[in-house]
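Trainee: Here are the chains, one letter per residue:
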Amino acid sequence: MEEQFDAIVIGSGISGGWAAKELCDKGLKVLLLERGRDVVHLKDYPTATKDPWQFAHRGEMPPSVLKENPIVAKCYAFGEATEHFFVKDKEHPYIQEKPFDWIRAYQVGGKSLLWARQVQRWSKFEFDAPARDGYATPWPVNYDDMAPWYSHVEKFAGISGNKDGLENLPDGEFLPPWDMNVVEKHLVEQIKTNYPDRPAIIGRCAHLTQPQDIHIQQGRQQCQARSLCERGCPFGGYFSSNASTIPWAQKSGNLTLKTNSVVHSIIYDDKQKKATGVKVIDAKTKEATEYSARIIFVNAACINTNLILLNSRSDRFPNGLGNDNGLLGKFICFHNYRGSISATYEGFENFQTYGRRPTMIIMPSFRNVRKQEMPFKRGYLVAFTANRYQGTGYDGIGTELKDSMTQAGPWGIYMMMQGETIPKETNHVRLSTDKKDDWGIPQLITSVDYDENDELLVKDFHEQGVEMLTKAGCKNIYPRDSKQAPGLDIHEMGGVRMGKDPKTSMLNKWNQFHNCPNVFVTDGACMASTGTQNPSLTFMAITARAANHAAEEFKKGNL
Amino acid sequence: MDEVAETIFPKTSTPGAKEAKVGQFMTVMVNDCYTEDNQKAFHEGQAAINAACKKMHGHDFMKATPEDKKAVLVSLDPEVKEYQAKRKEFSKEQDDLEKKAQANGDTNFERKTMPDHYFTMMKQLTILGYFTSKEGRTGATRYEPVPGKYIGDLDYKKGDKIFTGLN
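Protein sequence lines correspond, in order, to chains A and B.
Just add 739 to wherever you are in the first sequence, counting from 1, and you've got the numbering used here.
Just add 1 to wherever you are in the second sequence, counting from 1, and you've got the numbering used here.
Just chain B, same shape as in the assembly (with noise of 0.2 Å):
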């Protein structure tokens, strides 16, 4: 997973999601924090990243270059986009069939819902293990975990480093 994070987010004149060990983070996060179906879906999607490369470049994932990766990923755009609006309207069908149940008393109405997406996940978890990851708090952000005091005013340009804390 360390190369799917680093092609999310590669070392620029700051550390990348392999140095910040962001691979071993998700394996930690799916495992220990998703659901079963979110698990699966995730899983699945390895799998499909694979087959998606081999098909663009002929080999795996693991062996293209980093334009390559970037490629295959950026390719998943399109699917994920619509999976995401396919998922809205499973929820949206969920609420009207949860008020209905709530409107005839039934109190046997169990929601069901869609995993995400799994690319929206390695996303997901690619930004948060980043920017909680040692590497990428402290590399990439201006950490001040003790802050002492706080303004209100303070002067911001473009491309200013945002401020982080310890949470």
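Chain A extracted, bound-state conformation (with noise of 0.2 Å):
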């Protein structure tokens, strides 16, 4: 007999994970499709707790490998450690017409195994901005529609962080903050003395500093600040799919999680003049099932979510579901991490520090903020660290330098740049005509690229963080350029928008297709515009926002 579902949710990771719970919790049966094979929590993470011996080449990845795989090489998370979850390159080929570092997990979870785990919220100012500032299409949604929902998703998730005030980084339902070390409280302080207007907070992130009941029952326990969290957290310290979310709608008894589930395409109506369902090939055996409900989340990462749609091809919508308007795919935007800066600090050398804490110091964006001000568009988020190097030194050799090697160093800052890209037309994806991967999905073609206002905001990022750490009395300042193609960032968004008007966005204010309303998206593709926060925590927002909506009209018989 077919198995019956009421919604399918594409994709595992951090926002196909709360589709999931959140319309299981509102009691409908739900199926969700992981491409990948299944990670479970606790028991699938094979190097959570090995000692650096324990890895033949202590972390390192040999040349063969990195050679292999040029592209997931890059990312900073990949190693001996964390290797088996990612995608290597070879396996899903896409085609770069400019350069793309598209970095990739496919298991149950994806990429919320491997996130950073920073969790800003977006302020009224960047829900507002595109409409006042005119660079991008108007949000349909404004920050008094997003605000219960960040309390939403953060009670559940658990993050840490201090109730700062802060008019463009709101507050939000936290657990303990993280301290800031002494070397940073200085900075910080050296920097609002200097800018009143740059105020600088510790970072949010989704790390259980006091686990609450709704924690516990998720049988997660507190942070053990050992910042491993990249090879699956044993304590359950951070918030992914695998923890979280996924073992909850389980526990409901209304899911059905299906793995090795490469969803081809999804299925349109043209008499009941709506989707049906989805095709899906298995990952193993290349056959092919199809499987209907009347809900369907499409949750499978911005640029593979744009993937899926433009392959959902009927008579109705030709060139990709819910495309009248030729925008699917268009408008790929990002994060512009091209910008850091080194320094020293000389002094409190009587102070180090114990753990390693699982966030920065943030600086939210303090340009074009309330109005635009600057000769360019928009603006970027500043984060930085202080921590001992090792070693007083690192000449000669024997007992000195051993002797040396053994002790905390001085004090090292880093500073890094999350700049706003500007949605474009021209920075899109589209399909291969010609070339397939081995699952029969037309190859992916990317094409996105800076532009001359990314080049204006690392410049004025090198000039101002110079500027701030100079004044704030450190020495050795070096920016730099990593020149790093877009992608690499992780925190691509856009392709199908949301928007109040179908003839410029793909998406309604409740992330539903304009023209297929019982298909929604969720993840990063919904994105009109890209902030200069980290991305999760309202891509996890907009989801619950959007399944609760949908649950309520699948309830009234809506949908």
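Hints are computed from structural coordinates only; laboratory data are not their basis.
Mixed in with the good hints there might be a few duds.
Quick look at which bits of chain B chain A covers, simulated, 3 or more residues with Cβ under 8 Å [stated by the list, open to error]:
#: 1; segment: 11 to 17
#: 2; segment: 64 to 77
#: 3; segment: 122 to 130
In silico DSS-like pairs for lysine-lysine, Cα to Cα no more than 30 Å straight-line [to be verified]:
#: 4; chain 1: A; residue 1: Lys813; chain 2: A; residue 2: Lys829
#: 5; chain 1: A; residue 1: Lys789; chain 2: B; residue 2: Lys19
#: 6; chain 1: A; residue 1: Lys1163; chain 2: B; residue 2: Lys100
#: 7; chain 1: A; residue 1: Lys1214; chain 2: B; residue 2: Lys82
#: 8; chain 1: A; residue 1: Lys837; chain 2: B; residue 2: Lys101
#: 9; chain 1: B; residue 1: Lys158; chain 2: A; residue 2: Lys924
#: 10; chain 1: A; residue 1: Lys1163; chain 2: A; residue 2: Lys1174
#: 11; chain 1: A; residue 1: Lys1222; chain 2: A; residue 2: Lys990
#: 12; chain 1: B; residue 1: Lys135; chain 2: A; residue 2: Lys813
#: 13; chain 1: A; residue 1: Lys782; chain 2: B; residue 2: Lys135
#: 14; chain 1: A; residue 1: Lys806; chain 2: B; residue 2: Lys162
#: 15; chain 1: B; residue 1: Lys93; chain 2: A; residue 2: Lys1222
#: 16; chain 1: B; residue 1: Lys89; chain 2: A; residue 2: Lys1222
#: 17; chain 1: A; residue 1: Lys1214; chain 2: B; residue 2: Lys89
#: 18; chain 1: A; residue 1: Lys1214; chain 2: B; residue 2: Lys162
Heads up, the beta-carbon is just placed ideally off N, CA and C, and yes, glycines get one too.
From the two separate chains plus the hints, produce the assembled complex.
Mentor: Shown next, in the form of structure tokens:
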């Protein structure tokens, strides 16, 4: 007998996990499709508690692996302890019309196992800016629409943070904050003295600093400040689909999880004028199966969501699902991570840090926040940390070198930017007309690039960062432009953007296609602009909001 | 290689590089993780150290006293510094050539690199191998795989051993 589902969720990463959880909580029977293998919390984290000497190369990857995988090898989190959670280049080829480092993680939990876990809320300024400054299409939701949903996901996921009262980085539902260290406190004070409009705070991150009942019910424990998160956490100290939303949804009895299920396309029925299900290719046997449901959530992660939708062609939608305006796959945007600055600080030699804190100091954007005031569009968030180097000196050999290297050295500062990029029609993805992958799905062509505005942001960050650190008393200040390709930020967004107008956007304010309302897109693909904040929290909140709306409409018989 | 490593990181009140099996680690890393250029330079370096020892003390490195071994390795210092300066210069030249090629639209340009100096590699591998070994990390640092918390203003006095974690 064919299994019956009320809703299908495509993808089990950070947003798909939330869609599944919310729909299951509301009593819907949900099929969660994941193209990769299962990764069960605790059981499938093979390296989580390994000592460094238990790795043959102490964490480094042999050059043969790096040579075979030039794309994923660039990712900071890829190494001997984590490589089993990353897609290898050769397994899933795509075509780079312009350089684009597409970092992928095909398994239950997706990149939620590997993410950097920083969760700053958007403020009203980010939601309102496109309408105000005209660089993107207006958002159909505002901060007040989103605030309760931010709270909803924060309480469940567990977010540490301090209530700082900043208008452009709103407070949320926080567990106790992490500490700033002595040098960071000093720098924050110095910067605030010199630049009253540039407050910096301790970052908000998805770590349990003090688990509440809701987290204990999930079986999660306090973060132990190991900072080995990318291996999977044996304490469930940080939020992932694996530790949190998926087991929760499974406990409801309403979830069916199918792994190795590659979604080929969404099936649209011309007579019923709606999507009726999805076509799935078994990753191993290559056998095709169809599943039907009244609601479909597409959460395959931004670029793959675009791919699936572009490949969902029917008589009604010959150019991809919902693609009447021809904008599907266009206006891909990301975050500009190119600029960084290193420096040293002399002093505070009588202090050290203990433990490894999973967050940084965050300075929300201070450019074009309340009005357009700079010769470039938008701005950037600044993040920095201070830590003592290992060793008081590297010269010589013998006892003195050994003594030096076992002691704490001078304080080093690392500062980085997270710049907003401007959505452009030319930055797009599309399907290859002749190349297919091993599952008969057209390969994707990426055509995404920086522009003059991005160069100006890097320049401004370098100037301002160097000036702030100089005035704060830092030495040996070196700005650096990594020139890294788009994609390596792993903050890809857009292609299926939300908006008020069906002529210029794909999705309405509930993330439904304007012209196919039983299909919802709530991962990064739905974003109309990028903001300067780390995006995952907004993906989670927008997903929870859309899923609750979908469940209500389902119960009313409207879907 | 244990003897070279031990000379770089000798046994003191804490274990030395030999006890931490750094020599074996170096062999694995050079074989598995080094480019052919660097492998060649590394192996030639082993012979060069032996030759330098014969010249200075009249016998093989293996037979030298700890003091004599150290004298041999210290004597390499000017050569290492000179080589590193040359290598930096070479890298700059390549930067310029790369820029020129880009300006001329030449997409066939392949950047050349000079191998690292063998002694630089040996020193780097000794430090990495020592601090990621069980003996080095648990013996010479305060190893805290599960710190449980973060403290941003813990007292420190010169000479205190650093804290380390799992990575």
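Trainee: Next step is simple, just say for each hint if it's right about the structure.
Mentor: Evaluated hints:
1. 11 to 17: holds (count 3)
2. 64 to 77: holds (count 3)
3. 122 to 130: holds (count 4)
4. A:Lys813 - A:Lys829: holds (15 Å)
5. A:Lys789 - B:Lys19: Roughly 23 Å separates the two Cα atoms, so the pair holds.
6. A:Lys1163 - B:Lys100: Holds - the C-alpha atoms of lysine 100 of chain B and lysine 1163 of chain A are around 28 Å apart, at most 30 Å.
7. A:Lys1214 - B:Lys82: holds (25 Å)
8. A:Lys837 - B:Lys101: OK: lysine 837 of chain A and lysine 101 of chain B at ~21 Å, within 30 Å.
9. B:Lys158 - A:Lys924: Since the Cα atoms of lysine 158 of chain B and lysine 924 of chain A sit roughly 20 Å apart, the hinted pair holds (cutoff 30 Å).
10. A:Lys1163 - A:Lys1174: holds (26 Å)
11. A:Lys1222 - A:Lys990: The given pair, whose Cα atoms are some 46 Å apart, is violated under the 30 Å limit.
12. B:Lys135 - A:Lys813: holds (29 Å)
13. A:Lys782 - B:Lys135: With a Cα-Cα distance of about 25 Å, the restraint between lysine 782 of chain A and lysine 135 of chain B holds, given a limit of 30 Å.
14. A:Lys806 - B:Lys162: violated (38 Å)
15. B:Lys93 - A:Lys1222: holds (17 Å)
16. B:Lys89 - A:Lys1222: OK: lysine 89 of chain B and lysine 1222 of chain A at ~21 Å, within 30 Å.
17. A:Lys1214 - B:Lys89: holds (23 Å)
18. A:Lys1214 - B:Lys162: The given pair, whose Cα atoms are some 25 Å apart, holds under the 30 Å limit.
When held up to the earlier numbered hints, the structure conflicts with 11, 14 and fits the remainder.
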